[in-house]
Amino acid sequence: MLKDKEQTIIEVQQLKKSFGDDVVLKDISETVKAGQVICVIGPSGAGKSTFLRCLNVLEEPTSGKVLFEGSDLTGIKEEELNHLRQKMGMVFQSFNLFPNLTVLDNLQLAPLKVRRLSADQAQKQAHKLLTQVGLADKAAEYPASLSGGQQQRVAIARALAMDPEVMLFDEPTSALDPEMVGEVLKVMRDLAHSGMTMVVVTHEMGFAKEVADQIWFMADGYIQEKGKPEDFFAHPKTERAQDFLSKILS
Amino acid sequence: MKIKKLLLMLVFLMLGMLISFGHVQAAGDNYLQKVKQKGTLVVGTSADYPPYEFTVKKSGKTNYVGLDVDVAKKFAKNLGVKLEIKNMDFDSLLVALETHKVDMVIAGMNPTPERRKSVNFSQLYYRGNQYMLINKKDAAKYKNIHSFKGQTIGAQTGSLQYQLVKEQMKGNSIKGLAKLNDLVIALQSGKVNAVAMEEATAKAFAENNRSLKVINPHFDVTSSQTGSAIAFPKGADSMVTAANKTIKQIKQQNLINKKYIPQAGKYMTSNTKKSTMLNYWTYFAKGIEYTLLITAVSVFFGFLLGTLFALMRLSHVKIFHLIAVWYIEFVRGTPLMVQVMFVYFGIGTIIQSLPALVAGIIAVSLNSGAYVAEIIRSGIQSIPVGQTEAARSLGMSQREAYRYVVIPQALKNIWPALGNEFITLIKESSIVSIIGVGDLMYQMQLVQAATYKGVLPIFIAMVLYFIMTFGLSNVLGHFERKMKHA
Ligand SMILES: Nc1ncnc2c1ncn2[C@@H]1O[C@H](COP(=O)(O)OP(=O)(O)OP(=O)(O)O)[C@@H](O)[C@H]1O
Ligand SMILES: [Mg+2]
Chain B
1 MLKDKEQTII EVQQLKKSFG DDVVLKDISE TVKAGQVICV IGPSGAGKST
51 FLRCLNVLEE PTSGKVLFEG SDLTGIKEEE LNHLRQKMGM VFQSFNLFPN
101 LTVLDNLQLA PLKVRRLSAD QAQKQAHKLL TQVGLADKAA EYPASLSGGQ
151 QQRVAIARAL AMDPEVMLFD EPTSALDPEM VGEVLKVMRD LAHSGMTMVV
201 VTHEMGFAKE VADQIWFMAD GYIQEKGKPE DFFAHPKTER AQDFLSKILS
Chain F
1 MKIKKLLLML VFLMLGMLIS FGHVQAAGDN YLQKVKQKGT LVVGTSADYP
51 PYEFTVKKSG KTNYVGLDVD VAKKFAKNLG VKLEIKNMDF DSLLVALETH
101 KVDMVIAGMN PTPERRKSVN FSQLYYRGNQ YMLINKKDAA KYKNIHSFKG
151 QTIGAQTGSL QYQLVKEQMK GNSIKGLAKL NDLVIALQSG KVNAVAMEEA
201 TAKAFAENNR SLKVINPHFD VTSSQTGSAI AFPKGADSMV TAANKTIKQI
251 KQQNLINKKY IPQAGKYMTS NTKKSTMLNY WTYFAKGIEY TLLITAVSVF
301 FGFLLGTLFA LMRLSHVKIF HLIAVWYIEF VRGTPLMVQV MFVYFGIGTI
351 IQSLPALVAG IIAVSLNSGA YVAEIIRSGI QSIPVGQTEA ARSLGMSQRE
401 AYRYVVIPQA LKNIWPALGN EFITLIKESS IVSIIGVGDL MYQMQLVQAA
451 TYKGVLPIFI AMVLYFIMTF GLSNVLGHFE RKMKHA
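Note that the protein sequences, when read in sequence, are chains B and F. So the first sequence is numbered by the UniProt record's numbering: it starts at 1 and just counts up by one. So the second sequence is numbered by the UniProt record's numbering: it starts at 1 and just counts up by one.
It is worth saying that the hints were derived from the structure and are not from the lab. Hints may contain errors.
One side of the interface only, derived from the structure: several residues of chain B facing chain F at Cβ under 8 Å [said to hold, decoys possible]:
hint	residue
1	58
2	98
3	104
4	114
5	118
Chain F is nowhere near these chain B residues, computed Cβ spacing over 10 Å in every case [as the list claims (entries may be wrong)]:
hint	residue
6	96
7	128
8	182
9	225
Even glycine gets a Cβ: it sits at the ideal position worked out from N, Cα and C.
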């Protein structure tokens with residue numbers, strides 16, 4: 001499971017994205033290495049979600065390249081893209097669990113239909129992942145009967161069921177009541193410690209400080225500044241970052 | 001050389017003319033031959049017009065009887081072919097003839113000049129007088145056409161009586177309905193003050209309803225119009241000639257007065273004797289069977305079509321999208337009744353053997369498809385994009401995301417709306433009775449005609465429709481609750 005620390009998982013080259021005349025991502029070139037945890041922070045509307053969605057091409061970049069383990073995801077065949085996407089788990093702000101399926105079936109659907117695991121394998125794996133996120137007893141429940149924190153943990157387990165190389169999180173705790181944030185962050189922290197490569201868009205500065213290997217500060221469609229959390233939070237270099245930090249820490 | 005070329009051109013020219021004109025001409029010679037080849041004479045009639053044509057129940061089966069049916073039988077026998085009767089609305093008869101759904105029409109029809117424009121008539125085979133049916137309590141008031149001043153007169157639309165009332169009772173308003181039974185109900189409930197109809201028919205109604213009475217209002221009838229003739233398609237001279245031979249024979253032997261009318265009279269009284277509704281339960285049962293059959297088959301095809309059109313409408317391929325949008329808008333913007341008639345008579349001109357039942361099912365399915373498409377589309381669009389995105393992020397293709405994530409949820413959401421469509425179709429399918437499909441509505445009309453009772457069959461049909469829709473809605477509700485728990 002643990003990869004060579006120097007291996008590049010994701011490489012973004014001159015990524016640009018616009019919606020009509022609205023240029024949201026202006027020019028981004030970055031790399032994510034195996035086992036790294038990147039926290040992307042920045043003001044609302046900076047383009048964080050758009051950036052994250054470009055990484056697994058849920059959003060088609062306007063120009064530039066997104067390389068996943070060496071293969072360019074832009075301009076490849078649909079089937080290849082579908083295949084590579086399996087290896088990039090994604091967790092959404094609004095969970096997006098399948099409400100018509102039980103927790104267990106939420107975890108089994110894609111492994112059965114896409115990875116083509118046997119029913120037996122899929123079920124075993126689902127139970128293992130549910131134990132990992134602390135929800136072993138909820139297998140037969142429907143999402144609607146779970147709390148927000150539980151639903152988000154199921155969503156993480158669902159993404160993990162595809163055995164991904166990297167996990168993308170888009171503000172996984174912003175839709176939660178404050179008392180449930182902790183349980184989700186704990187699962188993410190455990191995941192980080194197990195060596196998972198992660199890109200996390202978040203407003204949880206405590207989590208970012210503690211878990212991130214690197215902070216990417218994003219504003220106006222650029223990554224304005226990046227660095228180790230201890231450096232970034234103590235001595236932000238750019239004015240934008242200083243401004244942003246003073247606002248959220250006050 | 002030149003002459004040869006010219007000749008060749010001439011030959012081509014004539015060939016072209018033959019192809020374009022030959023259709024009509026050749027057919028004129030062919031009509032009789034075609035019937036003989038088929039071995040059946042298909043006769044259109046409107047069997048609610050005793051003693052001309054009406055139905056009786058004999059050991060559970062519906063039989064068409066009356067003097068017209070006897071004339072048709074005689075004609076078929078002379079031709080050496082079998083007789084097949086197609087029963088439909090009087091108004092639809094001539095269209096059916098023009099579109100070759102039937103070989104001839106015999107329905108106590110008067111050969112008016114208007115009708116002569118579109119069809120060919122045989123000689124008259126029977127002359128009856130034009131009478132008026134009134135409520136008994138008005139007997140003192142009404143003597144002849146001049147004593148009806150300012151009153152409303154009912155008559156069957158498209159009938160000779162309708163013409164007579166319009167032309168000779170100018171001071172009266174006229175109410176036209178397609179079915180005599182409905183006119184008699186209108187009379188009994190005071191909606192009209194009298195109904196103009198043929199002598200024998202009027203007498204039959206009066207005999208079976210104590211509150212009704214018959215008078216001869218002395219319409220001025222020029223003899224050429226008062227009488228019944230058989231209608232054939234334009235150009236079917238061979239058939240007209242053959243029919244006239246049979247008519248001559250019938251007249252020589254005075255068969256109509258001596259044999260056919262007394263026979264019809266017997267059927268009419270025997271119908272009256274057993275005119276409790278219980279005797280006609282097989283009619284209603286058959287009607288329910290057809291109504292459910294039409295509905296179920298139409299729901300099935302409507303669902304397939306609806307899914308197809310919904311996906312087309314949501315498609316990014318422009319031409320698919322446009323086709324679906326126009327289809328849906330067009331079907332939803334036109335009445336089902338017109339669609340049913342268009343399919344039966346319109347498509348019927350291309351495929352002449354298209355049975356009314358199939359035409360009805362096609363029309364109702366096509367209609368339902370448009371409504372179901374909108375239900376399915378709104379169902380699919382009601383699923384949040386987050387669901388598709390979650391599916392795609394797990395590596396599913398667009399198709400897989402639709403199939404495993406979006407569609408199952410959409411179906412669950414639209415289940416009640418689909419159930420409603422099913423129930424709506426049970427009711428709406430009653431329209432197919434106008435082209436003679438034997439659904440519940442149609443059977444109700446047969447019972448009306450056979451029993452001379454107007455309202456009771458309507459009431460029974462209404463209750464039966466309600467039992468079907470209410471039962472179905474309960475069954476669907478049961479499944480809906482089950483699905484919610486699942
Ligand atoms: N599908 C879209 N169509 C048009 N504009 C879009 C679309 N998605 C995002 N945008 C625009 O792009 C800009 C960046 O949006 P994005 O969601 O990436 O910001 P963000 O940094 O994630 O903000 P937040 O912290 O509020 O989530 C916004 O101005 C938004 O309106
Ligand atoms: Mg965002």
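Review point. Are there hints from earlier that the structure breaks, and if so, what are their numbers?
Key: Checked against the structure, the hints that fail are numbers 3, 5 and 6, while the rest are satisfied.
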